[in-house]
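What follows is each chain in one-letter form.
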Amino acid sequence: MKYFGGVLVLAYAALHTLRMDRFPDEERGELPTSVRSAPGGILSWHDGFMGGK
Amino acid sequence: MKVGDCPSCRAPVEFAPGAGQIKVCEYCQTVVFRGEHQLESRGKVAELMDTESPLKVGLGGRYSGTPFTIAGRVQKSNATGTWDEWCLQFEDERTAWLAESEGEWKLLFPLSNVAPPQVSALHVLGAFTLRDKTFVVEEKNLAKTVSAEGQLPAFNREHLYVDATGPRGVFCTLDEADGEVEAYVGNFVTLEALGFDESELSPTPKKEALRQARCTHCNGPLDLKAPDATKRVACPYCGALLQVLGGQLEFLEMLEKPPFEPRIPLGAKGRLHDPTLAKAEGPPPEWTCLAFLVRSCTVEGTRYPWDEYLLWNRTLGFRWLMHSNGHWTWLTPIPAGEVTMAYRLAKLGAESFRQYQTVFATTEYVAGECYWQVTAGERAQASEYVAPPRSLNVDQTDHEATFTLGVLVENATLEKAFRLPKKLNPPVGIAPAQPNPFGKKAGEAWLWSGIWAAALMVLVMAFSLLGTTETYYRGHFSVPPNAAPASPEAQRFSEPFEVKKAVPLEVKVEAPGLSNNWLGVSIDLVNEKTGEVIAVYAESEYYSGTTDGESWSEGSHSQTRQTDVVDPGQYVLRTTPTFEASRAVDYDVEVSADDGAGLCCPLFMFLLLLAAPLYYSLRANGFETSKWNDAVFQSAPNVSTFPYAKADDDD
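So the protein lines, in turn, are chains L and Z. First residue of the first sequence? That's 1304 in our numbering, and the numbers climb one at a time after it. First residue of the second sequence? That's 179 in our numbering, and the numbers climb one at a time after it.
Chain L with its partners taken away, still in its complex shape (with noise of 0.2 Å):
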């Protein structure tokens, strides 16, 4: 328990440094450019992504 205790800590920082510590529920993409391009850009965007649904 002396070094595992220790080992523990260490990987709990070094997961923290590195943001491996997180447990996202995301989903990432990229807007279409033809909504970018759009007349009024994104607030014309009304499908694609559904929030990862």
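Calculated directly from the structure, the hints in this document are not laboratory data. Bear in mind that the values here come from a model prediction, so they are computed numbers and not experimental data. Where hints are given, some of them may not hold.
To be verified - Estimated spans, in silico, between C-beta atoms of each pair: (1) 643(Z) <-> 1342(L): 44 to 54 Å; (2) 725(Z) <-> 1342(L): 53 to 63 Å; (3) 648(Z) <-> 1342(L): 28 to 38 Å; (4) 1342(L) <-> 640(Z): 43 to 53 Å; (5) 781(Z) <-> 1342(L): 43 to 53 Å; (6) 734(Z) <-> 1343(L): 47 to 57 Å; (7) 1335(L) <-> 643(Z): 36 to 46 Å; (8) 760(Z) <-> 1342(L): 43 to 53 Å.
The beta-carbon is built from N, C-alpha and C at its ideal position, and this holds for glycine as well.
Given chain L's structure and the hints, the job is docking chain Z onto it.
Same frame as chain L, now just chain Z:
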């Protein structure tokens, strides 16, 4: 010097000044009392028995610088044997008594100006106080004076007595005769310390002859190792029990022979330090195995045997080795006065011992030479108190109690010390004084877990302080009437907002108006500059009601979702609600930085930190439960209770 005539035989009787008012006529054994005007007879005593004592009347010595002379001797007996008490007359007019007990000598001085308790009111293991010292009774018995010689301060035909010990080796004897109680206190001494001429203290020729004695029953050679101290010899060849009397062996009875050979042979010599001592100095002393006993107790119809080995060293005296289920315990006698007894507890100095068991032990088999009047079938109440790896053992009869301090000894230690040709059987089960192998590990694991948990907490606090949880956006959204779920009409866009740092985000959706309903919201975070879309979906449901008069609720009005690290920049948020048709509710969305210490990861680490100490604690607890399940207290030979036994679920 006062000289008179014996009232019985008219032989001259001389009284030395200051040496007592009783003189035993050396011609007719009349006890002569020196009255104010004449000598009076107090009856006769028997002729002296040869007790093979190295002392004799008239011998001179010196104690603490003061010379003395042995003025007289009283020979007493009780149900178990006969012994001598020697009256010492000091030059400074003090009187003391010197008596031998189990190979040791005790020197006792009369105590005046005290009010000792009545001996008849005391019992074995009872305590009394004299001059602020507490004494514990080790023996209570009736002594008869069978013979005497020389000049004595007093003479009683019979008297009750208790032998008691106090702290730091102080010894006390109370004698009660005709309602009068005399108290004597003193210490154990060696004959060398009493300044006797060593040439006169050698073992008597008769005792020396005992070394080459043969069994009176089978003529087998006995080769006695400690003839000075031996009172009973059990012949290892035929099982005859012999008593040592007058330098001779006398047949007493036939004993059943032990059913197996002793694991340590009789006469075997072994060198090892007394493991009950804190420090081992010098070369290890040599111990000789004198006797082998098999004892047992019966609990609920089952016989539990163990064997005991009597060890002897000429300087250090007697010790015991007890063997049970492959576990060996070294036992060193200690004065009862050193021990404080309480309910299921015994204290020796600062060390507390917990009562493990009390049983009625029967001596079944004996072989070898013993310093007490051993008999087969003798029964004693044996109690064991434990403070692993040490134990305190009390053997108690109606008249006597003996205390021993025990320590578990490794088999390998004994095999090496006694050079045993065969390996001893490995231990089976758990010994009462066996240390818990997981207890220390559990303690260490808890210590280090605590240390590392504290370090983890410090780290969590540091990350929390260094990280940010700033809120970047908060907005309220409504669903237009008649909008279909997940339809473009139901969609809403936020004003642009700025995420200042590259951080993970936390998106919280809250619908306070949710009641027996559900709401799902798809949230798309759009980076205006890069066009990257980060999408999350949060669905809340909340139901409540009353069933059988009891109100209940389940679900939540809010849900939270996390993203990975997002780039800093300008963002717009699009929400697409999903709901049960025509039951849409308003909702709030909050976007914050989630750059704190986090919860899941440190919690997981914390649980991992607890794993090892919990494991060892459970094992330690299992060990103790298993051990104490066997603890038995007998209030009578056939009445057993198991105060610590856990109920068996299967029963």
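Quick check: which numbered hints come out false for this structure?
Numbers 6, 8 - these are the hints that the structure violates, sorted from lowest upward.
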